[in-house]
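For reference, the chains in residue letters:
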Amino acid sequence: MKALRPAGDVGQLPTVTFGHRSLMWWGTLGFMVIEGWTTALLVAAYFYVRQNYQAWPPLRTPYPSLLIPTVNLALMLVSLIPARIVDGKAKKLDGPAVKRWMIIMSVTAVPILVLRWWELWAINTRWDTTAYGSAAWTIVGFHTSLLLLDIVDTLGLTLFFHIRRMPVKAFSDTADNSFYWYFTVGIWIPIYLIVYVGPRFF
Amino acid sequence: MTDVRGHGGRVLPANTALAQESLDREGQQLEVVWSDKPGFWGWLTTADHKKIAKRYLVTTFLMFIAGGIEAALMRMQLARPENGLIGPDKYNQLFTVHGTTMMFLFAVPVMNAMGIYFVPLMLGTRDVAFPRLNAFGYWTFLVAVVFMYVSLFANTGPDVGWFAYVPLSGPQYSPGHRVDVWAQVVTFTEISALVAAVNIIVTTFKMRAPGMSLNRIPIFVWAQLVVAFMIIFAMPAVATASTLMLATDRAVSMHWFNPAEGGDALLWQHMFWFFGHPEVYIIFLPALGFITPIIETFCRRPVFGYTAIVMANITTAFFAFGLWVHHMFATPIPELGQSLFTAASMLIAIPTGIQIFCWLVTMWASRPRLRVPMLFVLGFIFTFVNGGITGVMLASVAFDKQAHDTFFVVAHLHYVLLGGGVMPLFGAFYFWYPKITGRMLSETLGKWHFWLFVIGVNVTFFPMHKLGLDGMPRRVYTYLAPTGWGPLNLVATIGAFTIAVGVLVFVINAIMSWRGGEEAGPNPWESSGLEWATASPPPPYNFVHVPVVESRHPLWDTSIDLPVVTGFRKDRREVLITTTFDALPDSRHEHPTGSIWPVYLAGCMAVVFIGSIFSPYFVLGGLGLSLIGLAGWGWQGSKPAGHERVATPALPEGA
Chain B
535 MKALRPAGDV
545 GQLPTVTFGH
555 RSLMWWGTLG
565 FMVIEGWTTA
575 LLVAAYFYVR
585 QNYQAWPPLR
595 TPYPSLLIPT
605 VNLALMLVSL
615 IPARIVDGKA
625 KKLDGPAVKR
635 WMIIMSVTAV
645 PILVLRWWEL
655 WAINTRWDTT
665 AYGSAAWTIV
675 GFHTSLLLLD
685 IVDTLGLTLF
695 FHIRRMPVKA
705 FSDTADNSFY
715 WYFTVGIWIP
725 IYLIVYVGPR
735 FF
Chain R
332 MTDVRGHGGR
342 VLPANTALAQ
352 ESLDREGQQL
362 EVVWSDKPGF
372 WGWLTTADHK
382 KIAKRYLVTT
392 FLMFIAGGIE
402 AALMRMQLAR
412 PENGLIGPDK
422 YNQLFTVHGT
432 TMMFLFAVPV
442 MNAMGIYFVP
452 LMLGTRDVAF
462 PRLNAFGYWT
472 FLVAVVFMYV
482 SLFANTGPDV
492 GWFAYVPLSG
502 PQYSPGHRVD
512 VWAQVVTFTE
522 ISALVAAVNI
532 IVTTFKMRAP
542 GMSLNRIPIF
552 VWAQLVVAFM
562 IIFAMPAVAT
572 ASTLMLATDR
582 AVSMHWFNPA
592 EGGDALLWQH
602 MFWFFGHPEV
612 YIIFLPALGF
622 ITPIIETFCR
632 RPVFGYTAIV
642 MANITTAFFA
652 FGLWVHHMFA
662 TPIPELGQSL
672 FTAASMLIAI
682 PTGIQIFCWL
692 VTMWASRPRL
702 RVPMLFVLGF
712 IFTFVNGGIT
722 GVMLASVAFD
732 KQAHDTFFVV
742 AHLHYVLLGG
752 GVMPLFGAFY
762 FWYPKITGRM
772 LSETLGKWHF
782 WLFVIGVNVT
792 FFPMHKLGLD
802 GMPRRVYTYL
812 APTGWGPLNL
822 VATIGAFTIA
832 VGVLVFVINA
842 IMSWRGGEEA
852 GPNPWESSGL
862 EWATASPPPP
872 YNFVHVPVVE
882 SRHPLWDTSI
892 DLPVVTGFRK
902 DRREVLITTT
912 FDALPDSRHE
922 HPTGSIWPVY
932 LAGCMAVVFI
942 GSIFSPYFVL
952 GGLGLSLIGL
962 AGWGWQGSKP
972 AGHERVATPA
982 LPEGA
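Residue numbers (our numbering), protein chains in the order written: chain B, 535 to 736; chain R, 332 to 986.
These aren't lab readings, by the way, just hints derived from the structure by calculation.
Some clues are possibly wrong.
Claimed, not checked - Under the rule of at most 25 angstroms between Cα atoms (straight-line distance), these lysine-lysine pairs were calculated in the DSS-like manner:
hint : chain 1 : residue 1 : chain 2 : residue 2
1    : R       : Lys970    : B       : Lys626
2    : R       : Lys970    : R       : Lys368
3    : R       : Lys368    : R       : Lys901
4    : R       : Lys778    : R       : Lys732
5    : R       : Lys368    : R       : Lys385
6    : B       : Lys633    : R       : Lys970
As the list claims (entries may be wrong) - Examples of chain B residues toward chain R, derived with CB under 10 angstroms:
hint : residue
7    : Ala541
8    : Asp543
9    : Phe565
10   : Ile619
11   : Gly622
12   : Val686
For glycine and all other residues, C-beta sits at the position ideal for the given N, C-alpha and C.
Model the full assembly from the supplied sequences, consistent with the hints where possible.
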């Protein structure tokens, strides 16, 4: 083996970073790409089976209801506010504010998951009646798994922040949790438009 | 003297006062911090990328042998007309499990395993980005292996072909649980491939040695990186098709593939091949990545056309997503579509050709040392080019319709996968075995292995071209004597046993050399990559000091001594994070230790997905159990740490 020559000292470099300078942010981004792409494939499959029908939704199938999905969409958009504030406070390492706003973020997120139950039934047909129903249920169901994952993460972080002294890097993880929440809400907008509003137009 | 610059271009002062003895002493301190817990618990909870990769390598190789035994049984059945060794039902299970094993449980994970082992070493870092996720990936993969083989021995082996076409695999024509086994095995392997891909991408982007800018990344790592991106875009297609569509059609009466209710059988073929065609390149590109360092080492010169090879890799990846319909030429797709996919299928031969020409040019003006890894590279060129040419033939619709579903296709795909995937892989085993074990493999046994394998492959699969052209369909358990297919089938069977003897020689070589092989030392081949800059086998922390890279061939171009960075904490595991493009040192990241939670969560996944075959309550139960795992994982990961230096966009640095 060759002899070693010290060429630089990294002792002064930071040990906690945020955003694209942190590994966790990149990992989160990786899973967002996978989940976003899966959603895109499901949407493509939705339109693929659309070709087999004259009418969409199929005959004798009512349009999806709009009331609950629209209320829930509004809730999701509102939930971006605490998520954004938590993100900002975490980047300022403001522990008390993060603790406070994580509770508010959890309080806005949980009703979204509860409303999702009725939102599934707002498709107005069962998954086992037609391929239309299967496609709509699968897309909304898959998004529900993303929603569930992020809400579990949010609740877990909130709990941990309140019961133990969290390390500084937990602030970076908290900012990444908000980052994932933006994605979860953002990807819902096209799903809402395609699954609930779309059948009225195509 | 090299200056090492950090984020923002500031020069990091070098601690030149460090004496050699003090550098050596740091190794002992790292040993304490980076070693796993002793005993069984340490074995179970380890997250060391090298240990995880070795488990992958051993498990996938056992799967290669299992798939090989299945192939040998099929060849024995087909050795003569109207043979009564294996009945049609068992034969269906055998060819399905053989294909599924070789593609999902051997070829893709073994290539990932090589990446998991060597990418961190070649990049000069101490581990992969997410070691616990990496461990989770392995345990999930192991669930797939156990589930598949327990099912096979319980007479519930999948029996609808490795691509499980609907409607045959749908609830109407495949009652029982055989197809469910297939669908969930696929789910587990996709999860494991996806987490490996995310790990390889983030490791390559953020954890390269200082100075290893994008244009200095080893070609092996480029190939792994490109393939990781391919996995991210290909695997969700089959995971969606098998888990969210086929399994739900079967379990909860969805209608994705039921034409009576507006579903579509062709949708399955689109979804499957949108994954299935890139899959071939997911196996093949890493294998090409093995070839460049082998050729460079045994020709003693840098490869010709580094940029061309990297660009060819990326181009191949793009084209690979535009060819899937050539698997569907026998279905009613529009003529314009057929022409497009024919053109694309022929086009992809160009970037592959570019790589082969670059290697030929590299070899041309040198005097290659014909050691065993190099022999396998030559075997690859000969065998793979044959498979590539029949691929171009099959790209033509008129020919494809004649050869579709015949042994010609079987011959083509085995030439490509054995020639393009397995031969470079064996070359890679001989080349890197000394790094993994510290011992050399026997050169004599290696040459026996090489000749038996290459001759065996050609004797087995070359006659199948003729059998296919004579009309012998694939996936039939027997045939009648008047067809005249008997003699060539017998030749193919003799070839299959030649392959088996070759692989046996390799297994004997690997076992004997594990303890008794010649000592390798850090760099037995005098190769140029960073993986050779550390001991063989590498210590748990890979490198005592993180190396600094000044060229594409750090060990060839750094004449006297190897520049390194110092200044990591000694009381915890730390890795260096560098910037994405230029690899400037940016931060030190506290690195996780081993943990039981990845094993536990893989168990929860087993409950969810295997249970989903029987009852939705298992899904709920498994998800509930996984909450405990997620909480435990998060709790362990949020242990209060000592003093940290924080860089946040909202506050001045060092706050």
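Tested hints:
1. Lys970/R <-> Lys626/B: At roughly 20 angstroms apart (the allowed maximum being 25 angstroms), Lys626/B and Lys970/R satisfy the hint.
2. Lys970/R <-> Lys368/R: holds, 18 angstroms
3. Lys368/R <-> Lys901/R: holds, 18 angstroms
4. Lys778/R <-> Lys732/R: Cα-Cα ~40 angstroms, so violated.
5. Lys368/R <-> Lys385/R: The hint holds at about 18 angstroms.
6. Lys633/B <-> Lys970/R: Since the Cα atoms of Lys633/B and Lys970/R sit roughly 17 angstroms apart, the hinted pair holds (cutoff 25 angstroms).
7. Ala541: Holds: closest Cβ of chain R sits about 4 angstroms from Ala541/B, inside 10 angstroms.
8. Asp543: holds, 4 angstroms
9. Phe565: holds, 7 angstroms
10. Ile619: violated, 12 angstroms
11. Gly622: holds, 7 angstroms
12. Val686: holds, 6 angstroms
Checked against the numbered hints listed earlier, the structure breaks hints 4, 10; every other hint is satisfied.
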